[in-house]
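Participant: In order, the protein sequences belong to chains A and B. Residue numbers for the first sequence follow our numbering, so the first one is 1 and each next one is one higher. Residue numbers for the second sequence follow our numbering, so the first one is 1001 and each next one is one higher.
Keep in mind that the hints are not guaranteed to be accurate.
[Claimed, not checked] Some chain A residues flagged as far from chain B (calculated, every beta-carbon gap over 12 Å): (1) 174; (2) 226; (3) 244; (4) 245; (5) 253; (6) 269; (7) 298; (8) 310.
[Said to hold, decoys possible] Calculated from the model, a selection of chain A residues having no Cβ within reach of chain B, i.e. all distances over 12 Å: (9) 75; (10) 90; (11) 98; (12) 106; (13) 151; (14) 161; (15) 197; (16) 228; (17) 256; (18) 259; (19) 267.
[Unchecked claim] Now the in silico label distances, taken between C-beta atoms and shown as ranges: (20) 233(A) / 1261(B): 15 to 23 Å; (21) 1302(B) / 150(A): 48 to 56 Å; (22) 238(A) / 1075(B): 21 to 29 Å; (23) 214(A) / 1235(B): 48 to 56 Å; (24) 227(A) / 1297(B): 44 to 52 Å.
Bear in mind the hints are in silico, worked out from the structure with no lab data behind them. For every residue, glycine included, the Cβ atom is placed at its ideal position computed from N, Cα and C.
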Amino acid sequence: MTVIQQVLLELDEDYLGRPYYVSGNALYQAIARRVDASTRRSVAVSNGVFVPGEHGEYLDEHSQSGGAPYFGAGLRPVESYEDLFLFRSAAQRWLSSSRPRDAHNTHDLRVHGGRVAFAPTVRFGLPSESRNSKRTMTWYVHFYVHDDTGSNDAVPLDEDVLDGLRLGGARNYGLGETSLKDTQTVDLDALDYSTLEDAEESFELELVSPYVTASEYPGADDQSVPWWWTPRPGGLRRREERLVEDGEVYELQTIDHGQVVGYGGPDPVGTAKSGVLRVGTHARFGFGEFRLRSVSTDRVPERASIAAARESAGGER
Amino acid sequence: MTGAGDPDELDELQPPSTEIRPVTEQEANAGEASSPTADAESASVKADDDVSMLSVYRHDVHKSRGRSHEDAAAEFAGVPVNEPVPLGADADAALLSRPRGEPAQSVKNHISPFRLSLVTGETATSAGRVDGGIRGALAELVQIEDPVEMHAAWLESAVASIFNESVYYPYTSLKFHTLLTAALVDNYRAGYGFDELYLVVDQSEDAEADPRVVPHRTVLVLPSFALRITGEPGERSAARLGAAPAMSWADVWTRLPEHPFDGDDERMWRVVDAQLRRIRSWSTALQFIEESYGWWQALQRSSRLGGGEQ
């Protein structure tokens, strides 16, 4: 049994922190203050992905079908490997197309002391003239924790631990307040991995969080690109990241998330599980998360269906 | 005819009227977004070559008046507008930025040709007056007679960004829909299929130099970089657009081997980059980059001024 605990937090106040996600390290630091020493040593925390609390529906790849109002405001059943990633992509492709998806999925910006922060809600419609017809949407933060020592002793964390975490900067000024919305545990060994079991198929690997190649942190190893990645032409985009601990800032070099490389390893299912538990330096704090998928499935479902419709119409563009 | 259809009223920058209901836009868009058939196209390729790029830049100007293709006048400011775009490029550009199939009103209380801004949440007209008035600026834009100058003028245009490309999807941008359409036409004419196209970043060589602009293919230009759609990426940092036109912005952007980055405004670009990984519509995303840059510059100016007074 390999247990992960998924958590959905509601963002209650402006968030002043990393714009891409709430870092696993920020979540870890917030949790560490509230747990005993042994949990502190063994718990590993993913990055928190921003999820709009809006209407939507399952993509075809998921084990469930249909949709729901406020789809993003609750955790959903996890039966297959693909289900793990429902809320893990910044593009949040489950968002309903009958609503302004891009407005829902981008943050309203606020300026605090010359720094840009994200508002906890998105307002849309006509703000000035028609205040009453304005709707408000709430943001959530999706992350998961697991025990990094080979047992499952550290999880699940108590709801008391997860409720009321404060994230990002200016916390003393009340920013970054969250409340626990939902949590559930998932056994990675009990999931359906059938899309990764076809021996004839080729797979690609999408970086869900950055992969650390160099770290200033004492004792951290530098890493080269894993041998089982086959980068695409043009190379890999790098991005500087940082790890903050006890007020010290450690600069990191990473391979930026969102990129896709070919998979050249022998064991897709095993690799897929390790991608959920993350690989490489600082994997305990969110880095090195990735997803595998068959190269024949488009990451953008509508692009595949438009291409298929054109092919069957005999027209290729 | 509705109130905002009168171009003189546009000049007064009134709040968009909810009375603008282009009844035939629905059918027009449905046709636009459906896959064009190949045989109809190949028969018209020869004639297409004769269609000037000028007409491509003019093809959607009627949308500034909330009109559908069927319902629109054939002339605006003395030049022919609303001529068909060759090679299915208009339909393909539409698929890059809006959902496929029957359009549905995505923002219930905003049915207007005026664009809504992802940066401010307000209508784009609230950013301020356009020099010479909206009608005057639009007329000046479409009356240009040189195709390369026309492309350059659209890249720089403020007035074109006031409008959306469909009243059903108010966060889209007429400006970037038009530039994307022109880029597709130019690439298709050079013999590239959609699945052979790339998004390319053209960085400025140094702080003094402007980024490289390629006529009809550059779709966005800022002081430090430009973005281009091309079948010939060469050595530049590039990502494939994929098998078919779709609302794939976030996917293509996150696969670029290099992101344009302005060292002085690093925090701002990180915020913009993070948002760009969440946006799916191409014209919305390109407009968002341009508008964020302007928003940030204004913020910097005002905070510098504020600091100096104390």
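Participant: Given a hint of 44 to 52 Å, does the C-beta separation of residue 227(A) and residue 1297(B) actually sit inside it?
Facilitator: holds, 45 Å
Participant: Since residue 259(A) was said not to touch the interface, does its Cβ keep a gap of more than 12 Å from each Cβ of chain B?
Facilitator: violated, 6 Å
Participant: Regarding the assertion that residue 90(A) does not contact chain B, is the least Cβ-Cβ distance greater than 12 Å?
Facilitator: Per Cβ check, residue 90(A) is inside 12 Å of chain B; nearest 4 Å; violated.
Participant: Far enough from chain B: is every CB of that chain over 12 Å from the CB of residue 256(A)?
Facilitator: Given that some Cβ of chain B is not farther than 12 Å from that of residue 256(A), nearest at about 8 Å, it is violated.
Participant: Holds or violated: 48 to 56 Å for the Cβ distance of residue 1302(B) and residue 150(A)?
Facilitator: Given range 48 to 56 Å: holds, Cβ gap about 55 Å.
Participant: Between residue 214(A) and residue 1235(B), is the Cβ distance one that fits in 48 to 56 Å?
Facilitator: Once the Cβ atoms are compared, 26 Å apart, the range 48 to 56 Å for residue 1235(B) and residue 214(A) is violated.
Participant: Does the claim that residue 226(A) lies outside the interface with chain B hold up, using a Cβ gap greater than 12 Å?
Facilitator: Residue 226(A) clear of chain B: closest Cβ-Cβ about 18 Å, beyond 12 Å.
Participant: Take the C-beta atom of residue 233(A) and the C-beta atom of residue 1261(B), compute their distance, and say whether it sits inside 15 to 23 Å.
Facilitator: holds, 21 Å
Participant: Can we trust that residue 298(A) is non-interface, i.e. its beta-carbon lies farther than 12 Å from all of chain B?
Facilitator: violated, 7 Å
Participant: Using Cβ atoms and 12 Å as the threshold, tell me whether residue 98(A) really stays out of contact range of chain B.
Facilitator: violated, 5 Å
Participant: So the hint says 21 to 29 Å: do the beta-carbon atoms of residue 238(A) and residue 1075(B) match that?
Facilitator: Violated: the Cβ-Cβ distance is about 52 Å, outside 21 to 29 Å.
Participant: With d taken as the least Cβ-Cβ distance between residue 267(A) and chain B, does d exceed 12 Å?
Facilitator: holds, 25 Å
In summary, the numbered hints that this structure violates are 7, 8, 10, 11, 12, 17, 18, 22, 23.
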